[in-house]
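**Student:** The chain contents come next:
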Amino acid sequence: MLAYIYTLLPSIFDGLLMTLKVFFVTLILSIPLGVLVSIFRLSKIKVLAKITELYIWVMRGSPLMLQIVFIFFGLPIVGITLDRFTTVIIAFILNYAAYFGEIFRGGIESIDKGQYEAAKVLGLSPYRTFIRIILPQVFKIVLPSIGNEVITLVKDTSLVYIVGLGELLRAGKIASNRDASLVPLALVAVVYLLLTAIFTMVFNKVEKRFSYYE
Amino acid sequence: MILKVNNLNKSFGGKRVLKDISFGLKTGEILAIIGPSGAGKTTLLRCINGLEKADKGTIVIDNIYLCKDQNNKNIPAKSKEMKKIRQKVGMVFQNYNLFPHMTVMENLIEAPINVLGLSKEEALNRAYDLLKNLGMEDKKDAYPFQLSGGQKQRVAIARALCLNPKILSLDEPTSALDPELREGIASIIKKLADKDMGILIISHDMEIVKRVATRIIFMAEGRIIKEATKEDFFNSFEDGRLKSFMVS
Ligand SMILES: Nc1ncnc2c1ncn2[C@@H]1O[C@H](COP(=O)(O)OP(=O)(O)OP(=O)(O)O)[C@@H](O)[C@H]1O
Ligand SMILES: [Mg+2]
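Protein sequence lines correspond, in order, to chains A and B.
No gaps in the numbering here: position 213 of the first sequence is 212 in numbering that gives the first Met the number 0, and each next residue is one more.
No gaps in the numbering here: position 159 of the second sequence is 158 in numbering that gives the first Met the number 0, and each next residue is one more.
FYI, nobody ran anything at the bench for these hints, they're computed from the structure.
What you are looking at is a predicted structure, and each value in this text was computed from that prediction instead of being measured.
It is possible that some hints are incorrect.
Stated by the list, open to error - Straight-line alpha carbon distances no greater than 20 Å define the calculated DMTMM-like cross-link-like pairs of lysine to aspartate or glutamate that follow:
#: 1; chain 1: B; residue 1: K165; chain 2: B; residue 2: D128
#: 2; chain 1: B; residue 1: K18; chain 2: B; residue 2: E220
#: 3; chain 1: B; residue 1: K83; chain 2: A; residue 2: E116
#: 4; chain 1: A; residue 1: K20; chain 2: A; residue 2: D82
#: 5; chain 1: B; residue 1: K194; chain 2: B; residue 2: D61
#: 6; chain 1: B; residue 1: K165; chain 2: B; residue 2: E28
#: 7; chain 1: A; residue 1: K112; chain 2: B; residue 2: D170
#: 8; chain 1: A; residue 1: K112; chain 2: B; residue 2: E171
#: 9; chain 1: A; residue 1: K43; chain 2: B; residue 2: E51
#: 10; chain 1: A; residue 1: K139; chain 2: A; residue 2: D111
#: 11; chain 1: B; residue 1: K3; chain 2: B; residue 2: E226
#: 12; chain 1: B; residue 1: K139; chain 2: B; residue 2: E121
#: 13; chain 1: B; residue 1: K189; chain 2: B; residue 2: E206
#: 14; chain 1: A; residue 1: K139; chain 2: B; residue 2: E105
#: 15; chain 1: B; residue 1: K52; chain 2: A; residue 2: E116
#: 16; chain 1: A; residue 1: K119; chain 2: B; residue 2: E80
#: 17; chain 1: B; residue 1: K79; chain 2: B; residue 2: E51
#: 18; chain 1: B; residue 1: K165; chain 2: B; residue 2: D195
#: 19; chain 1: B; residue 1: K82; chain 2: B; residue 2: D61
#: 20; chain 1: B; residue 1: K87; chain 2: A; residue 2: E116
#: 21; chain 1: A; residue 1: K119; chain 2: B; residue 2: E105
#: 22; chain 1: B; residue 1: K52; chain 2: B; residue 2: D19
#: 23; chain 1: A; residue 1: K45; chain 2: A; residue 2: E108
#: 24; chain 1: B; residue 1: K79; chain 2: A; residue 2: E116
#: 25; chain 1: B; residue 1: K82; chain 2: A; residue 2: E116
#: 26; chain 1: B; residue 1: K87; chain 2: B; residue 2: D170
#: 27; chain 1: B; residue 1: K55; chain 2: B; residue 2: D19
#: 28; chain 1: A; residue 1: K119; chain 2: B; residue 2: D170
#: 29; chain 1: B; residue 1: K77; chain 2: A; residue 2: E116
#: 30; chain 1: B; residue 1: K52; chain 2: B; residue 2: E220
#: 31; chain 1: A; residue 1: K119; chain 2: B; residue 2: E51
#: 32; chain 1: B; residue 1: K14; chain 2: B; residue 2: E51
#: 33; chain 1: B; residue 1: K190; chain 2: B; residue 2: E28
#: 34; chain 1: B; residue 1: K3; chain 2: B; residue 2: D170
#: 35; chain 1: B; residue 1: K25; chain 2: B; residue 2: D170
#: 36; chain 1: A; residue 1: K154; chain 2: A; residue 2: D13
#: 37; chain 1: B; residue 1: K190; chain 2: B; residue 2: D128
#: 38; chain 1: A; residue 1: K112; chain 2: B; residue 2: E51
#: 39; chain 1: B; residue 1: K139; chain 2: A; residue 2: E213
Let the hints inform the model, and build the full structure from the sequences given.
**Tutor:** Here it is as structure tokens:
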């Protein structure tokens, strides 16, 4: 048994690498983009706010799987050809930025307007006010919601199989079909659980970091 | 005059909240604005701090127009002037509005560094001196949630003073404080008015007003009903409205 599991490890490990790559690239790029989305969504420029609202609706209102398919097959039609990984990552980032955008919007709206007024009478610029006064407080507020999205993202990474990229779940499925065994899938499940456990722990740490004030 | 307000008018959705308000403030003066709830006191202070746009009238701060009438419109200061005005007027909010994620010191140095362009060193020194004057230097690394109401009040005052304003405005500085703490804030306020600064203070607390004010404006329903030196004011109780306000 152990010997069998041992033979599975290389392919599982390759799959894990792809999963992590999708995970981190999406996370690192979609969070700042999400902040931007929330700013656009709250913009006083009506057109911008409306377009952003539409974008958020499309991204949250349709399955990520469909979005991946549309971008993967749609981009070449309009003459843009990118490699598979880039294509799929674009879909992930667009999708997650919409979710993060709504989370940040909620956070920004929950900040007391007295904070803006205090910054204003001190003469701080709107940019400075946002970066130094508002955003740090928003991060603390939205951290638990971001944590939930991160766990969802770990599991969503399996969707990259649609464009033929070999990630964790796919590696497990191939082995499972080949050997007519559930063991590879069980192994994959364990890896997912470990991943989510680790990220949950990391988030708890970060939340602690932010608990220096009330 | 560091502050001149002339014929100031302000409505909220058709409701006239300030009606032809005119008054002035000199350095060294402590002008108390009193009056019943809803009189428009806070709105007036907010207009002077550029947090609320007037509909009509002029506000001049240290010879710079914060707003004026032109072609039947009220024109606010351009952003360059506004920047100067912001440095000249300090505001202490009723609920302090300290930045909760920053220490006391960080609350104090943010604007001097970013607005006045002081070096961090200079800003720290200035903030420390102010805190020391207010007896708060041992709290410099505390976060706002760790402070009592009176201590937060002092930090809010120190934060406003860090920009060396010409006018310090305070909205009900003692309303949230225990009686024992009010005395402390009163003596601080009294010490602050000097040749370089005038103070505007809204208060319901007649003890405080009696103690600190040099001049008093009584407002009701958006109008200034009476303006007088403190002595004259307290000597003339014949106005029934004044009396009823004092008693309440
Ligand atoms: N943003 C606003 N929108 C609409 N109405 C407002 C607004 N701010 C104040 N008002 C109204 O303006 C009037 C004056 O309010 P203001 O807060 O200036 O009174 P105040 O004299 O400070 O009263 P208090 O002593 O209770 O603090 C009130 O009737 C209030 O309801
Ligand atoms: Mg008020």
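**Student:** Now tell me, hint by hint, if it's right for this structure.
**Tutor:** Taking the hints in turn, this is what the structure says about them:
This hinted pair checks out: B:K165 and B:D128 have alpha carbons roughly 18 Å apart, not beyond 20 Å. Restraint check: the Cα-Cα separation between B:K18 and B:E220 comes to about 8 Å, which is no more than 20 Å; the hinted pair holds. Taking the CA atoms of B:K83 and A:E116, the gap is about 17 Å. The hint holds against a cut of 20 Å. The suggested pairing of A:K20 with A:D82 holds, with an alpha-carbon distance near 15 Å, which does not exceed 20 Å.
Only pairs whose Cα atoms come within 20 Å are accepted, and B:K194 paired with B:D61 is accepted, the gap being roughly 14 Å. Simply put, B:K165 and B:E28 have alpha-carbon atoms about 11 Å apart, close enough for the 20 Å limit, and the pair holds. The suggested pairing of A:K112 with B:D170 holds, with an alpha-carbon distance near 16 Å, which does not exceed 20 Å. A hinted pair counts as satisfied when its Cα atoms are at most 20 Å apart, and A:K112 with B:E171 qualifies at roughly 19 Å.
Among the hinted pairs, A:K43 with B:E51 is consistent with the structure: their alpha-carbon atoms are about 18 Å apart, no more than 20 Å. Distance restraint check for A:K139 and A:D111: the Cα-Cα separation of roughly 14 Å lies within the 20 Å cut-off, and the hinted pair is therefore satisfied. A hinted pair counts as satisfied when its Cα atoms are at most 20 Å apart, and B:K3 with B:E226 qualifies at roughly 14 Å. Taken as a hint, the B:K139 and B:E121 pair is honoured in the structure, with Cα atoms around 16 Å apart against an allowance of 20 Å.
Distance restraint check for B:K189 and B:E206: the Cα-Cα separation of roughly 13 Å lies within the 20 Å cut-off, and the hinted pair is therefore satisfied. Pair hint A:K139 plus B:E105 holds up; C-alpha atoms about 18 Å apart against a cutoff of 20 Å. A threshold of 20 Å between alpha carbons decides the hint, and for B:K52 with A:E116 the separation of about 14 Å falls inside it, so the pair holds. Pair hint A:K119 plus B:E80 holds up; C-alpha atoms about 14 Å apart against a cutoff of 20 Å.
With a C-alpha separation of about 18 Å, the suggested pair B:K79 and B:E51 falls inside the 20 Å cut-off, and the hint holds. Taking the CA atoms of B:K165 and B:D195, the gap is near 6 Å; set against the 20 Å cutoff, the hint holds. Among the hinted pairs, B:K82 with B:D61 is consistent with the structure: their alpha-carbon atoms are about 13 Å apart, no more than 20 Å. Proposed proximity of B:K87 and A:E116 is supported: the alpha carbons are some 16 Å apart, at most 20 Å.
As the CA atoms of A:K119 and B:E105 are separated by approximately 16 Å, the hinted pair is consistent with the 20 Å bound. A threshold of 20 Å between alpha carbons decides the hint, and for B:K52 with B:D19 the separation of about 15 Å falls inside it, so the pair holds. Of the pairs offered as hints, the one joining A:K45 and A:E108 holds, with about 17 Å between alpha carbons and a cut-off of 20 Å not exceeded. As the CA atoms of B:K79 and A:E116 are separated by approximately 19 Å, the hinted pair is consistent with the 20 Å bound.
Distance hint between B:K82 and A:E116 is fulfilled; the C-alpha atoms sit about 14 Å from each other, no more than 20 Å. Of the supplied pair hints, the one linking B:K87 and B:D170 holds, its CA atoms being roughly 17 Å apart against a limit of 20 Å. For the suggested pair B:K55 and B:D19, the alpha carbons sit about 9 Å apart, so the restraint of at most 20 Å is met. For a cut-off of 20 Å, the pair hint linking A:K119 to B:D170 stands: about 16 Å separates their Cα positions.
For the hint pairing B:K77 with A:E116, the CA-to-CA distance comes to about 18 Å; that is within 20 Å, so the pair holds. For a cut-off of 20 Å, the pair hint linking B:K52 to B:E220 stands: about 19 Å separates their Cα positions. For the given pair, A:K119 sits about 12 Å from B:E51 by alpha-carbon distance, which is consistent with the 20 Å threshold. For the given pair, B:K14 sits about 15 Å from B:E51 by alpha-carbon distance, which is consistent with the 20 Å threshold.
Between B:K190 and B:E28 the alpha-carbon distance is near 11 Å, which keeps this suggested pair within the 20 Å criterion. Between B:K3 and B:D170 the CA atoms are separated by roughly 19 Å; this keeps the pair inside 20 Å, and the hint holds. A hinted pair counts as satisfied when its Cα atoms are at most 20 Å apart, and B:K25 with B:D170 qualifies at roughly 19 Å. A distance of roughly 17 Å separates the Cα atoms of A:K154 and A:D13; the hinted pair therefore holds under the 20 Å criterion.
Distance restraint check for B:K190 and B:D128: the Cα-Cα separation of roughly 15 Å lies within the 20 Å cut-off, and the hinted pair is therefore satisfied. Restraint check for A:K112 and B:E51: the C-alpha separation of about 13 Å stays at or below 20 Å, so the hint holds. Between B:K139 and A:E213, the direct Cα distance comes to roughly 17 Å. Compliance with the 20 Å bound is thereby established for this hinted pair.
In the structure shown, no violation is registered for any of the earlier numbered hints.
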